[in-house]
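Chains as they are written, first to last, in this note's numbering: chain A, 1411 to 1736; chain B, 24 to 352.
I should point out that these hints are in silico values taken from the structure, not numbers from a laboratory.
Model, not experiment: these values are computed from the prediction.
The beta carbon of each residue, even a glycine, is placed where N, CA and C say it ideally should be.
Mixed in with the good hints there might be a few duds.
Over the 12 angstroms line for every Cβ pair with chain A, so calculated as not near, a few chain B residues [stated by the list, open to error]:
#, residue
1, Gln145
2, Ser148
3, Thr212
4, Gly299
5, Gly349
Which chain A residues stay away from chain B? Per the calculated CB distances, all over 12 angstroms, these [unchecked claim]:
#, residue
6, Val1491
7, Asn1520
8, Arg1547
9, His1627
If you anchor each label on the Cβ, the simulated ranges turn out as follows [said to hold, decoys possible]:
#, chain 1, residue 1, chain 2, residue 2, range
10, B, Asp226, A, Arg1556, 45 to 51 angstroms
11, A, Asp1514, B, Gln154, 49 to 55 angstroms
12, A, Gly1690, B, Leu325, 29 to 35 angstroms
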Amino acid sequence: MNNAEIIIEAKGLKKYFPITQGIVFQKEIGAVKAVDDVNFAISSGETLGLVGESGCGKTTTGRTLIQLYRPTAGHVIFNGVDLTQLKSKELRQMRSHMQMIFQDPFASLNPRWTISRIIAEPLKVHNVRKRGQIMDRVAELLELVRLNANYMNRYPHEFSGGQRQRIGIARALASMPQFIICDEPISALDVSIQAQIVNLLEDLQDQLGLTYLFIAHDLSMVRHICNRVAVMYLGIIVELAGRDELYSNPLHPYTQALLSAVPIPDPRATRARKRVILEGDPPSPANPPAGCRFHPRCALAKEHCRTETPVWREIKPNHWVACHEC
Amino acid sequence: MEQLLELQNLEVKFHTLDGVVHAVNGVSYYVNQGETLGIVGESGCGKSVSVLSVMRLIPDPPGKIAGGKILFHGENLLDLEERQMEKIRGSRIGMVFQDPMTSLNPVLTIGKQISEAMVLHQGDSKKVADQKAIELLSLVGIPNPEERYGDYPHQFSGGMRQRVMIAMALSCSPEILIADEPTTALDVTIQAQIIELTKKLRDQLGMAIIWITHDLAVVAELADRVVVMYAGYIVEQADVFRLYENPRHPYTLALLESLPRVDSNRDAERLATIPGFPPDGLNVPPGCPLAPRCGFAVERCLQENPQLHEIEKDHHIACWVDVSTGKEL
């Protein structure tokens, strides 16, 4: 995977959201540091998992990556082009190569549009096909996600959650992207449906050579689907490694705690396990702790963890971590 | 061991504009004193409706408890007057709901919300109830309980709100705690905190727990016995260890096989899937509700719905087929 060509790379990516006071004369009184200096690269054809607790900035990272949010600082290099420097017209052309699948299949489809209109919209926006060919392409896409092409003229409410997620996937595939961000694509689905969607995503990856950024909080599913995994905490990536390396040899205390919190569907194994229970909740990203951001909840925290920010370093080949004590 | 609560052939229907939804179709289960029962199933399988019936919280109309009995200490809760039921609800049976964001009253302090039940049910004076509420807050692990007592729900995080909900449910020392997907809306790290807390309180207070979830992994962690529901029916019921080691119903088997595990690498394998999606309760086909999605289905499954029957001691399934041989039982 390492020799493969890098398709997208984030360099020093930051996204701050301003906190304002006042209604007419708004002034900035602070910023939510949702993403604060993250660096990673995704190779062509691989799946990078991005995991962390809610509010850690994983969705913002995904959205900033494809410029749905313009970053506060940093660069995103996609196929050699710096997306942050593009004007909106050029960016729109680039967007046909990168698409997104959303979490909530009930909120992400327009209820007043037919399925064919929903799936055809990216085709029209990106001028991929001429009008006459659009319906053929919609039918082709529906078959690609294993839905009956006869459903084309129905509305979203006529479908179940899993089917709607397939429609969302068909829409993302319409412009023939190379790179897709899957933002919690299975969290809202029933257990028996989740595996169907995950298998579909894997099949499509093999068939079309897609690259995924898979954002999720279900660490078991991430282990199944991803090649490499990045763990985020409070706006920064604290650990990044190959899937097997990360799960069998987690180095950062936060990764260790996160993994030990995941229950296993086997009563003997799960009860025999030693758990690291994290105390309290993650602090606010508007005012992150000084030094290492994890130190108030960390069992290993030493004096220098409170004052010095740990450096993001490659501790072993392809295993990156930001921790003083590793 | 005494059966504290027993449901016998409970049937619940909802009369909607589209027709009658059969939410719970003759469900029987029990929970013993001090025992933790896990109820697992997908959305719409009737798991929540069955416990809401225990609390008599099914909105009528459109809901209707059409048949069956709910015996609490041998007394049928369905025969009670609303006034008598109020003495049990929140007092002898406590409940924790899924969404801690919406199930607390936003305009009352949490101290007020916790002490309310004690004033009402136990006749405590306000002062005593306040004191007890502070003790409860510290019991469920809320730091600085004296200060937090006067705070409003929006000042708490999701995990902390769920702790408040648990404190509230425990306020009158219930014999049964019903928890309806209490950790579904929470992060895994917070879920682990709540599960540890529940285990600690269970051992300390000796209450029975009914824990409802769609997550087979959470049940493995916590339950003594498990009931698996599908489309308003119980499909399998067994001791927790037996269920995971020797699942005998195709649905349980398929669910367990479709789950990836965080502790093992099944890299090359594709996830096993259950094709199709659950029936909607409006048009229940004759025969076994799982039959259209079931890899083991035989001719008989499409015509006759199997009854729950015992296949070994304390292990019940509702299926015509033996999954180990694939042949009809």
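Status of the hints after comparison with the structure:
1. Gln145: holds (32 angstroms)
2. Ser148: Check passes; 34 angstroms lies beyond 12 angstroms.
3. Thr212: violated (5 angstroms)
4. Gly299: violated (9 angstroms)
5. Gly349: holds (20 angstroms)
6. Val1491: holds (34 angstroms)
7. Asn1520: With a cut-off of 12 angstroms, A/Asn1520 remains clear of chain B, as the shortest Cβ separation is near 22 angstroms.
8. Arg1547: About 26 angstroms separates A/Arg1547 from the closest Cβ of chain B, which puts it past 12 angstroms; holds.
9. His1627: Answer for A/His1627: violated, closest chain B Cβ roughly 7 angstroms.
10. B/Asp226 with A/Arg1556: 45 to 51 angstroms: Hint holds: Cβ distance 48 angstroms, inside 45 to 51 angstroms.
11. A/Asp1514 with B/Gln154: 49 to 55 angstroms: violated (44 angstroms)
12. A/Gly1690 with B/Leu325: 29 to 35 angstroms: violated (54 angstroms)
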